[in-house]
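Trainee: Each chain, written out:
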Amino acid sequence: MSEDNSPLVIGFLCNWCSYAGADMAGTSRQAYPPNIRIMRVPCSGRVDPLLIVKCFEEGADAVLVAGCHPGDCHYTEGNYHGRRRFALLRDLLDFMGIEKERFRIEWISASEGKRFAKVVSEFTDEMTKLGPRKVG
Amino acid sequence: MTKILGKTGLESWLHNIMQERALVAPKHVGDLILFDPVQSVDEVVFDYENTNLSPKEFFFPRTDTLFTTKSQDNDVELIPTIIDQETVIFGIRPCDARGIAMLDGPYLDDPADSLWAQHRNKTTMIGLSCTKPAPQCFCTSVGSAPNDSSSVDIMLTEVDDGYAVEAVTEKGERLLQGVELKESDVTLSAPSCDTSVPAEGIVETVKKVFDSPYWSRLADRCIHCNVCAYVCPTCYCFDIRDRTDKGKIERIRTWESCQSKGFTRIAGGHDPRADKGSRLRQRFCHKLLYFPQQFGPLSCVGCGRCVVSCPVNIDIREIISDLQELGAKVG
Amino acid sequence: MGEDFTQQIRDKAKELLENGAVECVIGYETGSDGVSARPAFIYDAAEVDRLAFDNTCTHNLVKYLLDKKGKSTAVVVKGCDSRALNLLLSERQIQRDKVYVIGVVCPGVVEWGWNKRSEQLQKRCNWCRQHTPVVSDFAVGEPITEEPPAEFADVAEMATKTAEDRATFWRDQAERCIRCYACRQACPGCYCIDCFVELLDPEWVGIRIAPDENWMWNTIRAYHLGGRCISCNECERVCPVNIPLSLLNRKLEQEVLDLFDYKAGMSEDAPAPLITFKKDENLGIAE
Amino acid sequence: MSRIGVFVCHCGTNIGGIVNVPEVVEAAKAMPLVAYADENKYTCSEVGQGSIRDAIREQKLDRVVVAACSPRMHENTFRKTVATAGLNPYLLEIANLREHCSWVHSDSKKATAKAIDHVRMAVAKVARHESLFPKQVGLTKRALVIGGGITGIQAALDIASAGHEVVLVEKEPSVGGRMSQLDKTFPTLDCSACILTPKMVDVAQHPNITLLSYSEVKEVRGFVGNFEVDILKKAKMVDHKTCTGCGTCWQKCPEKVTSEFDLGLGQRTAIYIPFAQAVPNKPVIDMENCRYQKYLKWTQTEEGKKPPECRICEKLCPTKSIAWEQQEEIVTEKFGALVVATGFKTFDHSVYGEYGAGRYPDVISSLQLERLMSAAGPTEGEVLRPSDNTHPKNIVFIQCVGSRDDKVGRPYCSKVCCMYTAKHAIMLKEHDPEVQCYVFYIDIRAGGKDFEEFARRAQDESGAVYLRGRVSQIYQDGKTLKVLGEDSLIGRPVEIDADLVVLATGMEASEDADRLAQTLHISYNIYNFLIEAHPKLRPVETQTDGVFVAGAAVGPRDIPDCVAHGSAAAAKVIGLLSQDSLTTDPLTAIVAPMKCVGCFACKAVCPFNAIEEQTTRDGRIIASVNESLCKGCGLCVVACRPGAINLRGFTNQQLLSEVMTLVRR
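Chains as they are written, first to last, in this note's numbering: chain B, 3 to 138; chain V, 330 to 660; chain G, 511 to 797; chain S, 33 to 697.
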């Protein structure tokens, strides 16, 4: 939580699709809340569960991982592996007390600027409603 | 003449202590018994063999901040950790107390460790002598006894109508001020600890059997976790590393053990004790050879925690008798 | 049960050592308390009588094969332990031709501690669906073939709690953890040269033995066992502060079963779920 | 101690308008290891880049952070900048303050705070960057052009005439694409065949071009300079080496089938060439409808009536070129560059219920009208009503069918319909002076050279009545079609008895363009049009080096633009193939031998088989990375539990420092 306790959202965006989608949201001036901090990774398959757990351990309120739609991955299989890793990690985190909604995975292509803005707005509002992390 | 403090008297005394000092006592945590700060007297456990972890935690915490930094327009000031909290540990067994006292050697010899020194003089130990030693206990074989009060500030011994109280140190007497004790002429019986371990002359024996293949055979089943070192009241090794958080830098000291794989790894990746046998030998050489050579007593107080906690039953008593046998053969 | 199994193991060990088939037999012997079992390494045929098998033989001896790479070794395995063989074989840590497996059909291990032995089965043995070893060169005991389907009542019970309660529960466990890494050292699936928790650069987990760092350690340790844990439950047994690690492992075991229809260690060549995928599987995320 | 330089860009007002740039510069100065921080109006300009070069020299900087627009925009630009100042180009990190900050947030205070965080993350990451050195890799000087329409033909010819070998793959039996189905072309009214056929023949005869018709790309491996492509050559059942294209077979073949080329208005035989000027001018056999194939299938099951064995083509073929035993075959070839020119297909107007949903034979698409007007068409150029083959007098055109219509998911304008409808109005008047054309339109878009004049001619000289409004209903009324619409300019409904209704159907991406894009690892939008690297600056490149796109496959485009696009793609390919070797991207994975436990999870997840096995001196088998195959996706790094393998440019240390500087501020 930053000072005015609006949620800190950390976004891992794959360079080929979602980061380009976020760029597209920029070029078409699709506004969204400024809580998200975006990190560029070559592929959603490069997002390490260690990084995600580190975000939550250090107090981040929410994590978004966005990659190419299955089948579109620039490296063919990156998002397929990512999908399995995040499915398992999300259930484990939920079991450990980090609500499932705090860790969101989306497939956003290079041309879906509007959709990226919608996803980030929805996610930020949802996290604001959910409030700060109660424990840890 | 022994002075007696009734059970209720003891409870109200502990209650008073709790007002201005932090009271640490054995407490049920899940199905463990651990030394833990208590908020009310009824949390205190009175009849137990010994706690799962040793009380060294309150003198040499598992994680401690040696100092923090404050930087203003690029000059950096080191702020050492000051401990001002007075603590009373109730229910410490004689073997544990002796373990703590024994660590004064490595920690208070010049240059003294300020944190250990502060913990030691800010903490008062109320000992509780053992009425029925556990099967894993062998304190009598290593120079202590179930009622050894040499290292505590106050020694309590359970008797029929309460506890016999003996103020051992002046710090103990100060803590007992204002506590009215009954006189009684009950004589305190010396409980026996019947497991005997041939620890006599073990220092010489270990020197002789240092190169024996016994160590690597013994280490076969050792999985090299750090349980024995962390539950042991006399293991005091640590690791230091800096940590930055929100611009503040802290120097952190935490428990470490010779059984960890990287413990003796040196720059460039070489590790003088890479194989399992030498790492396990290091533990017992330190306790039965190096420490006595440098500070006098064996660095083992016979609390038996490592015997109980070791996942693969590496039993120091069995090792001592094996070594004596081996030593005799080597001649 | 004990006498017959013990004798069969001793005879087989004697035979293997005498004909030089193996350099060492890893089995169980009675510990220093005269009550509970501990691992035993027999190199000399004359010492086979140290070997014994009873219902306190719980250690997963497959872990020791990691120290015996390249040396032909015999190992006594129960049903659950045997799955660790397939795990290590599929991850190329041991060679099948260097391991002689004495597979014992396991009736279940009782709750025991040093100098303490109850007759009550360990809870993990009630959950056990693998009494018969999946791999064995020499079988001891009658194989139990039909096993009821796995059930995860403990995981379900935990799932009924609110997120805050679960978070508080795991924070309390993390508070007690003293980072002795016994859970890692006992686990056959943990054989990294440098574990992520001890890395200085990148320093994933800080050095402090404190709730935050401990929480991360326990979370990632469990995640690294996702789809690999064979539920021998050694990690929970060896934990000196009784952290219920089986809850974490079994939660992941259930998820891996539901998501990928995969059970760890059942075969040497089935790839672990997290290093393969199916293009059109629906895992309920990003739908 | 490294000395980091931070250069924050105003980008005119794009960033400076919302983000308080001086405040970001001040904050940057206080960040650890930052030795110099400055701001520029336009960092990417010559002045801006100069200020970076000077600062590197004067301040002895060893790492640079440029806080400006998206790295996808100018990362390479700034890498060259720092390289010219003597710094390794990879000691650079870009903080995205424009697309991800100023352009999407209005609250200046929060946007500035976010900008500072993005700079803080870039500084934390660049502090852990190491110098990286690209490698030189060999290059196959051959190009593959996918799609034999006018764009593909143009690209192939240009590349071939530059001296490089080209393979042109075309799915249909003949090259020519959609253009071969046209009669005339706007705005010059050239006959389409006259300007297209010579180029088709050139492609077939050019010494450097290998034409693989009736073939498809199945799989693409490798990377720029070293692609390996599996091409499926479908079974033609005719040996094109010996066949002379005399035509006897397709004249005598008894099986008549509706011709796809004539869009169902005409017929073709089972052994056929799609149209007269087809190149290659040799037939293929349609396996579905060839009577002999039906007979063969019958012999396996022997159910139902025994079909005739036929094989007439085989009997009559003077050169015995019928080859029943021919199988489909996959050939694998190496290429340095790929051009995708898969063109477009017309919108299927049957989704429009109000236009009769395809039930009325006299409601046809514009492309079908082209076939009717074409001399090589089913009616040899006579425009006849498909229902009764009479000459239509009243012809109604409806524009924007499947374009500019969200209801059918086609909101975009297809750019060419207004022009080809004007062409149709002019040509029909020329064919038959009594014809009266009516055109229902939303807006007439005639933006090309001489386009507006051409559109005016349709109204002024050809007497076409342009009605601004939509058609609400068409229904069959006896022999004619009742067209109900409105003329919004005079605000009155209009009703026309039409003999023929022509729907100006829009352009769509061609069949399974998405599957091909996935095979080539290039992205495509929701209409399956291929996405170019940058719509303005890199129109024919893609994000995947070595893969170029051109023509209508990228978006609606007319013939002049397609030809220009084809040549542009060819120019890019020629530029690429003119180099003797290629520099590879050094952002690849690297193994720490001491940490690898040899579990080979990395090898299992690597999509590019870039992980090899290597034995160390002490006999351990560990992983090692083949850097020319590794594409830097990082899958192996996450699969590696002990963290033995790392990804240069996105190392564990770099990503962790970015997260840590965020959460521990």
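One or more of the hints may lead you astray.
[Claimed, not checked] Restricting the straight-line Cα-Cα distance to at most 30 Å, the calculated cross-link-like pairs of lysine-lysine (DSSO-like) are:
#1 Lys524(G) to Lys605(V)
#2 Lys590(V) to Lys627(S)
#3 Lys627(S) to Lys578(G)
#4 Lys336(V) to Lys461(V)
#5 Lys73(S) to Lys173(S)
#6 Lys605(V) to Lys789(G)
#7 Lys578(G) to Lys605(V)
#8 Lys789(G) to Lys266(S)
#9 Lys773(G) to Lys356(V)
#10 Lys120(B) to Lys789(G)
#11 Lys671(G) to Lys131(B)
#12 Lys347(S) to Lys266(S)
#13 Lys61(S) to Lys577(V)
#14 Lys581(G) to Lys590(V)
#15 Lys627(S) to Lys608(G)
#16 Lys605(V) to Lys671(G)
#17 Lys203(S) to Lys789(G)
#18 Lys579(G) to Lys627(S)
#19 Lys141(S) to Lys131(B)
#20 Lys120(B) to Lys142(S)
#21 Lys627(S) to Lys605(V)
#22 Lys142(S) to Lys136(B)
#23 Lys141(S) to Lys120(B)
#24 Lys116(B) to Lys73(S)
#25 Lys116(B) to Lys142(S)
#26 Lys61(S) to Lys399(V)
#27 Lys605(V) to Lys581(G)
Think of the hints as simulated: they come from the structure by calculation, not from any bench.
Trainee: With reference to the structure, classify each hint as holding or not holding.
Mentor: Structure-based check of all given hints:
{"no.": "1", "hint": "Lys524(G) to Lys605(V)", "in the structure": "holds, 27 Å"}
{"no.": "2", "hint": "Lys590(V) to Lys627(S)", "in the structure": "holds, 13 Å"}
{"no.": "3", "hint": "Lys627(S) to Lys578(G)", "in the structure": "holds, 19 Å"}
{"no.": "4", "hint": "Lys336(V) to Lys461(V)", "in the structure": "holds, 19 Å"}
{"no.": "5", "hint": "Lys73(S) to Lys173(S)", "in the structure": "violated, 43 Å"}
{"no.": "6", "hint": "Lys605(V) to Lys789(G)", "in the structure": "violated, 45 Å"}
{"no.": "7", "hint": "Lys578(G) to Lys605(V)", "in the structure": "holds, 12 Å"}
{"no.": "8", "hint": "Lys789(G) to Lys266(S)", "in the structure": "holds, 27 Å"}
{"no.": "9", "hint": "Lys773(G) to Lys356(V)", "in the structure": "violated, 40 Å"}
{"no.": "10", "hint": "Lys120(B) to Lys789(G)", "in the structure": "holds, 27 Å"}
{"no.": "11", "hint": "Lys671(G) to Lys131(B)", "in the structure": "holds, 21 Å"}
{"no.": "12", "hint": "Lys347(S) to Lys266(S)", "in the structure": "holds, 23 Å"}
{"no.": "13", "hint": "Lys61(S) to Lys577(V)", "in the structure": "holds, 18 Å"}
{"no.": "14", "hint": "Lys581(G) to Lys590(V)", "in the structure": "holds, 22 Å"}
{"no.": "15", "hint": "Lys627(S) to Lys608(G)", "in the structure": "holds, 24 Å"}
{"no.": "16", "hint": "Lys605(V) to Lys671(G)", "in the structure": "violated, 44 Å"}
{"no.": "17", "hint": "Lys203(S) to Lys789(G)", "in the structure": "holds, 27 Å"}
{"no.": "18", "hint": "Lys579(G) to Lys627(S)", "in the structure": "holds, 17 Å"}
{"no.": "19", "hint": "Lys141(S) to Lys131(B)", "in the structure": "holds, 22 Å"}
{"no.": "20", "hint": "Lys120(B) to Lys142(S)", "in the structure": "holds, 19 Å"}
{"no.": "21", "hint": "Lys627(S) to Lys605(V)", "in the structure": "holds, 19 Å"}
{"no.": "22", "hint": "Lys142(S) to Lys136(B)", "in the structure": "holds, 25 Å"}
{"no.": "23", "hint": "Lys141(S) to Lys120(B)", "in the structure": "holds, 22 Å"}
{"no.": "24", "hint": "Lys116(B) to Lys73(S)", "in the structure": "holds, 29 Å"}
{"no.": "25", "hint": "Lys116(B) to Lys142(S)", "in the structure": "holds, 21 Å"}
{"no.": "26", "hint": "Lys61(S) to Lys399(V)", "in the structure": "holds, 19 Å"}
{"no.": "27", "hint": "Lys605(V) to Lys581(G)", "in the structure": "holds, 17 Å"}
Against the hints set out earlier in the document, violations occur for numbers 5, 6, 9, 16.
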